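Trainee: To convert a position in the sequence shown, counted from 1, into the working numbering, add 171.
The set of hints was computed from the structure by calculation and includes no laboratory data.
Worth double-checking, as some hints may not be accurate.
To be verified - Think about it this way: if two alpha-carbon atoms lie no more than 30 angstroms apart in a straight line, the pair counts; the simulated DSBU-like pairs of lysine-lysine are: (1) Lys285 <-> Lys426; (2) Lys285 <-> Lys192; (3) Lys276 <-> Lys291; (4) Lys503 <-> Lys196; (5) Lys371 <-> Lys429; (6) Lys276 <-> Lys173; (7) Lys426 <-> Lys461; (8) Lys426 <-> Lys196; (9) Lys429 <-> Lys284; (10) Lys249 <-> Lys192; (11) Lys333 <-> Lys284; (12) Lys276 <-> Lys371; (13) Lys503 <-> Lys249; (14) Lys192 <-> Lys371; (15) Lys249 <-> Lys276; (16) Lys426 <-> Lys333; (17) Lys284 <-> Lys426; (18) Lys173 <-> Lys285; (19) Lys192 <-> Lys429; (20) Lys249 <-> Lys455; (21) Lys509 <-> Lys173; (22) Lys173 <-> Lys284; (23) Lys426 <-> Lys249; (24) Lys276 <-> Lys192; (25) Lys196 <-> Lys173; (26) Lys371 <-> Lys285; (27) Lys426 <-> Lys192.
To be verified - Computed beta-carbon distance windows for the label pairs: (28) Asp327 <-> Glu248: 37 to 47 angstroms; (29) Leu505 <-> Glu332: 39 to 49 angstroms; (30) Tyr234 <-> Ser330: 26 to 36 angstroms; (31) Asn538 <-> Asp182: 22 to 32 angstroms; (32) Arg480 <-> Ser330: 46 to 56 angstroms; (33) Ala336 <-> Gln226: 26 to 36 angstroms; (34) Ala232 <-> His471: 23 to 33 angstroms; (35) Gln180 <-> Asn326: 15 to 25 angstroms.
Bear in mind the structure is a predicted one, so any value in this text is a computation, not a measurement.
For glycine and all other residues, C-beta sits at the position ideal for the given N, C-alpha and C.
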Amino acid sequence: MKNFEVYQQWDIEPVRGLGCKLWDKNGVEYLDLYGGHAVISIGHAHPHYVAAITQQLQRLAFYSNAVQSGLRNRLAEKLGAMSGYPHYSLFLCNSGAEANENAIKLASFHTGKKKLIAFKGAFHGRTSGVVAATDNPSIIAPYNASPNVVFLPLNDSASVEKELAGGDVAAVIIEGIQGVAGIVLPADDFLQDLRKLCDKYGAALIVDEVQSGYGRTGKFFAHQYAAIEPDLITVAKGMGNGFPVGGVLIAPHIKPVKGMLGTTFGGNHLACVAAYAVLEVIEKEDLISKAASLGEYVVHNLKNTAVIREARGRGLMTGIELLPEHAALRTKILSEHKIFTGAAGANVIRLLPPLTVTEQELQRFINVLHSRN
Numbered sequence: 172m173k174n175f176e177v178y179q180q181w182d183i184e185p186v187r188g189l190g191c192k193l194w195d196k197n198g199v200e201y202l203d204l205y206g207g208h209a210v211i212s213i214g215h216a217h218p219h220y221v222a223a224i225t226q227q228l229q230r231l232a233f234y235s236n237a238v239q240s241g242l243r244n245r246l247a248e249k250l251g252a253m254s255g256y257p258h259y260s261l262f263l264c265n266s267g268a269e270a271n272e273n274a275i276k277l278a279s280f281h282t283g284k285k286k287l288i289a290f291k292g293a294f295h296g297r298t299s300g301v302v303a304a305t306d307n308p309s310i311i312a313p314y315n316a317s318p319n320v321v322f323l324p325l326n327d328s329a330s331v332e333k334e335l336a337g338g339d340v341a342a343v344i345i346e347g348i349q350g351v352a353g354i355v356l357p358a359d360d361f362l363q364d365l366r367k368l369c370d371k372y373g374a375a376l377i378v379d380e381v382q383s384g385y386g387r388t389g390k391f392f393a394h395q396y397a398a399i400e401p402d403l404i405t406v407a408k409g410m411g412n413g414f415p416v417g418g419v420l421i422a423p424h425i426k427p428v429k430g431m432l433g434t435t436f437g438g439n440h441l442a443c444v445a446a447y448a449v450l451e452v453i454e455k456e457d458l459i460s461k462a463a464s465l466g467e468y469v470v471h472n473l474k475n476t477a478v479i480r481e482a483r484g485r486g487l488m489t490g491i492e493l494l495p496e497h498a499a500l501r502t503k504i505l506s507e508h509k510i511f512t513g514a515a516g517a518n519v520i521r522l523l524p525p526l527t528v529t530e531q532e533l534q535r536f537i538n539v540l541h542s543r544n
């Protein structure tokens, strides 16, 4: 049996990491400014994280949700306090797609409705329900296509109200910042309109913070720039720094009954310890405010760079749109300069580094782009 390769792969096999650095099997060193799809939030092999998981593994790695777990309670309390949502409840699962699936299901149970509004450019996952809410027809199988999902233009409040006025919309789902689309920001006033419109027409507002959450944008959640409170917030990726864990933050007025949601591995002992350790490091090392200032540093220092059309984003979630004639530069950044970055479309570089990245490490990347002037 052969391994099924889910993506087109670079001919590189990292075998070790430390902070924002990776080493391949040949000993070649790389700078990681992508964090494995925004997953590595506190750096590779952070000693506090490694120690916490190791100690828990020596005690108990897993038991099911059929028994009590102080670790789950401790994580929920810490996440609530740090995120500004102590009054919400937390459902733990394993991934961003699973979190979004459960958020949509909760919204449908709560409202008794079945239609979902998503937005053009959206990416919410690859499992059955959320792939139908992802604006990429190439990954939606006939089985997954849903007549209950409508895609609307981002930042167009009038189109949202027109759809909501039909009275059959269970929820509106939106990313805090669209990542796969190329770091596209919903306007703050648009998010505020969504909150008001969902209240007006009895729909739930789901904000997908899977990629944009956990301090990446300079606030704990990207939607907090708009000073709104969603009904449901989904998290994953940086939540576990590489350990698979996701969750749904659930507003107090949405009350799931026991048995409505379920999971085998969600909230397991190792996942809770990993996620708690991440929060401890973020807090102790003040990584959220550092993300805000370093993001400003990157965007400021990329102004007037000849190969760039635009640098945009918030915090350490940056999209660098190259001029079309320089679209091949991203590949050269890896092959020639040994720097991992992400991509969105043909000519957008995505920077999603560990929040522990330094100004000097970011400057190394900036210097590469300036050298092409």
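Trainee: Hint by hint, say whether it matches the structure.
Mentor: Against the structure, the hints:
1. Lys285 <-> Lys426: holds, 18 angstroms
2. Lys285 <-> Lys192: Not OK: Lys285 and Lys192 at ~46 angstroms, beyond 30 angstroms, violated.
3. Lys276 <-> Lys291: holds, 21 angstroms
4. Lys503 <-> Lys196: holds, 20 angstroms
5. Lys371 <-> Lys429: At roughly 29 angstroms apart (the allowed maximum being 30 angstroms), Lys429 and Lys371 satisfy the hint.
6. Lys276 <-> Lys173: violated, 35 angstroms
7. Lys426 <-> Lys461: violated, 36 angstroms
8. Lys426 <-> Lys196: violated, 50 angstroms
9. Lys429 <-> Lys284: holds, 20 angstroms
10. Lys249 <-> Lys192: holds, 29 angstroms
11. Lys333 <-> Lys284: Since the Cα atoms of Lys333 and Lys284 sit roughly 17 angstroms apart, the hinted pair holds (cutoff 30 angstroms).
12. Lys276 <-> Lys371: Distance of about 21 angstroms is within 30 angstroms: holds.
13. Lys503 <-> Lys249: Violated, at roughly 42 angstroms.
14. Lys192 <-> Lys371: It is violated: about 49 angstroms lies between the C-alpha atoms, which goes past 30 angstroms.
15. Lys249 <-> Lys276: holds, 26 angstroms
16. Lys426 <-> Lys333: Holds. Lys426 to Lys333 sits at ~28 angstroms (cutoff 30 angstroms).
17. Lys284 <-> Lys426: Holds - the C-alpha atoms of Lys426 and Lys284 are around 16 angstroms apart, at most 30 angstroms.
18. Lys173 <-> Lys285: violated, 40 angstroms
19. Lys192 <-> Lys429: With a Cα-Cα distance of about 44 angstroms, the restraint between Lys192 and Lys429 is violated, given a limit of 30 angstroms.
20. Lys249 <-> Lys455: Since the Cα atoms of Lys249 and Lys455 sit roughly 13 angstroms apart, the hinted pair holds (cutoff 30 angstroms).
21. Lys509 <-> Lys173: With a Cα-Cα distance of about 29 angstroms, the restraint between Lys509 and Lys173 holds, given a limit of 30 angstroms.
22. Lys173 <-> Lys284: Not OK: Lys173 and Lys284 at ~43 angstroms, beyond 30 angstroms, violated.
23. Lys426 <-> Lys249: Holds. Lys426 to Lys249 sits at ~21 angstroms (cutoff 30 angstroms).
24. Lys276 <-> Lys192: Since the Cα atoms of Lys276 and Lys192 sit roughly 39 angstroms apart, the hinted pair is violated (cutoff 30 angstroms).
25. Lys196 <-> Lys173: holds, 21 angstroms
26. Lys371 <-> Lys285: holds, 17 angstroms
27. Lys426 <-> Lys192: Violated - the C-alpha atoms of Lys192 and Lys426 are around 44 angstroms apart, more than 30 angstroms.
28. Asp327 <-> Glu248: 37 to 47 angstroms: holds, 39 angstroms
29. Leu505 <-> Glu332: 39 to 49 angstroms: Check passed, 44 angstroms falls within 39 to 49 angstroms.
30. Tyr234 <-> Ser330: 26 to 36 angstroms: violated, 48 angstroms
31. Asn538 <-> Asp182: 22 to 32 angstroms: 25 angstroms Cβ-Cβ, so the 22 to 32 angstroms window holds.
32. Arg480 <-> Ser330: 46 to 56 angstroms: Violated - the Cβ-Cβ distance for Arg480 and Ser330, about 27 angstroms, lies outside 46 to 56 angstroms.
33. Ala336 <-> Gln226: 26 to 36 angstroms: At 55 angstroms between Cβs, range violated.
34. Ala232 <-> His471: 23 to 33 angstroms: violated, 45 angstroms
35. Gln180 <-> Asn326: 15 to 25 angstroms: Taking Cβ atoms as reference, Gln180 and Asn326 lie about 35 angstroms apart, which means the hint is violated.
Comparing the model with each numbered hint stated earlier shows that hints 2, 6, 7, 8, 13, 14, 18, 19, 22, 24, 27, 30, 32, 33, 34 and 35 do not hold.
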